[in-house]
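**Q** The primary structure of each chain is shown beneath.
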Amino acid sequence: MSMKIEFEHKQAAHCETGVTRNLLRYAGVEKMTEPLAFGIGAGLFFVYVPFLKINHGPAIAFRTFPGQIFSRTCKALSVPVIRKKFSGKDPAELFLETCLENGQPVGCQVGVYYLSYFPKEYRFHFNAHNLVVYGKEQDNYIISDPVMEHPTTLTSYELGRVRFARGALAPHGKLYYPKKGSLVTDEQVKKAIKKGIGRNVRNMLHIPGNITGVKGIRYTGNKIKKWRTRLGIKKAGLYLAQLVRMQEEIGTGGGGFRYIYGAFLQEAHAYLPDDQLPEISAMFTRSGDAWREAAVLAAGIYKGRLGSQEDFNEMGDRLHEIAGMEKQAFEALSKIKWHS
Amino acid sequence: MKKEDIPQDLSSLGKITKEICYATDPSGNYVTELSQGWDIKIAALDIAWQDIRDRMEAARKKVLNNEASPLLFFMERGLMDIAMVAGYTGFWKWQVKNHMKPVPFKKLPDKKLRRYAEIFNISVEDLKNMNVYED
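Respectively, the protein sequence lines represent chains A and B.
Going by my numbering, the letters in the first sequence line up with residues 9 to 348, in that order.
Going by my numbering, the letters in the second sequence line up with residues 7 to 141, in that order.
Heads up, a few of these hints could be off.
Claimed, not checked - DMTMM-like, lysine to aspartate or glutamate: derived pairs with alpha carbons at most 20 Å apart: (1) Lys-24/B with Asp-325/A; (2) Lys-243/A with Glu-73/B; (3) Lys-242/A with Glu-63/B; (4) Lys-242/A with Asp-57/B; (5) Lys-199/A with Glu-82/B; (6) Lys-68/B with Asp-57/B; (7) Lys-233/A with Glu-129/A; (8) Lys-99/B with Glu-73/B.
Claimed, not checked - To give a feel for the contact side, a few chain B residues facing chain A, derived at Cβ under 8 Å: (9) Lys-24; (10) Asp-57; (11) Phe-126.
It is worth saying that the hints were derived from the structure and are not from the lab.
Quick reminder that beta carbons are idealized off the backbone N, C-alpha and C, glycines included.
Please model the entire structure based on the sequences and the hints provided.
**A** Now the structure itself:
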């Protein structure tokens, strides 16, 4: 079998928003951009899950649960989605080949660990990576991985392996695509933007408990202050390094996704000319900057240049400040009265 | 972040692909720009890997002292835990735990060892002898 679908590979900061944008564009929603997908999908989040460990470190996320951005964005725009999971590698590959034969590029959820084109240093057991398969030449599948500059390939063995990665968030061969030929009007985009903002306000301000949203950021700040005595300086450093990686590593666009969100609000302004949007966008830019400055402080600790209890206190205080900034920003968003 | 402040510190990812960053231009509008890495992130990844090497070294000592089978070493090297090894190989968790002990491990037939060797991308011989080659 040898085929290649005319599919535009466009690099993105984040895998899921990149796949969402590229697939939706292919399906006919040409206005879709990465920040729009992120904002409509209410991608911005914060959560610290206590008692759960990832790679021997704290379980922290700066974005919403994997798969949600794609689902919410398609749903908000009334684009029908085809979604499938499989019990084994053979039926999973067969279905994929049928899609390709019908000229349909498909999104796949995969694990990063066996992803051969990634550098070894980045290959952890993270199972919620996303890519698009859009062709096959002999035994090689043609892959559009949105975090890569250029399209790449995986052998059928390699693709089967990453589609059936094991462990937390195991993909079970999950594939998905939006139905082709969907027409989306500006009116629909406007509605979807408002809905996405509303949902994001809710997720960051109003989820009960203290581990999510701005309360979660504050909670993490409190935790950090205790890390030095509870874990010892070495492990506390490792924990901070993990926080920084979740915040800045490939896929975030920088500043724990806060910059992408800032870009989204600017794009939203073009659809909904509300005076406050540019100012609130700038608030998220400042929040992203504050996250990055906190990362520089954290690096001082895990590089061994800093490490006193005062340094940990300062790190915790930085997170409290950020929580305050983001609370303000989301409250401002919640108060907008849309005119159009 | 301003566009001109996007760091360009070459990381191991940067050698393979640059990553997209969102930043603002002089008039405050968001644009995207490629970055080849940031020292702060490189250091975070470095110490994560140093920790993994420490775990591997501790596991190697256990194997050499006959307190564990080479499976423990390769599990640490593969950044896995018992549940993950069980998931990939199809063994039960209690079986994997058992195979972590030197004596039950030595009794394993090659056919079962091959299931382990495959997930670690090594040969059965390397699994038995704890051989590693730098890649």
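**Q** Against this structure, judge whether each hint is valid.
**A** So, going through the hints one by one against the coordinates:
no.: 1; hint: Lys-24/B with Asp-325/A; result: 33 Å, violated
no.: 2; hint: Lys-243/A with Glu-73/B; result: 25 Å, violated
no.: 3; hint: Lys-242/A with Glu-63/B; result: 17 Å, holds
no.: 4; hint: Lys-242/A with Asp-57/B; result: 10 Å, holds
no.: 5; hint: Lys-199/A with Glu-82/B; result: 49 Å, violated
no.: 6; hint: Lys-68/B with Asp-57/B; result: 17 Å, holds
no.: 7; hint: Lys-233/A with Glu-129/A; result: 29 Å, violated
no.: 8; hint: Lys-99/B with Glu-73/B; result: 19 Å, holds
no.: 9; hint: Lys-24; result: 6 Å, holds
no.: 10; hint: Asp-57; result: 6 Å, holds
no.: 11; hint: Phe-126; result: 11 Å, violated
Checked against the numbered hints listed earlier, the structure breaks hints 1, 2, 5, 7, 11; every other hint is satisfied.
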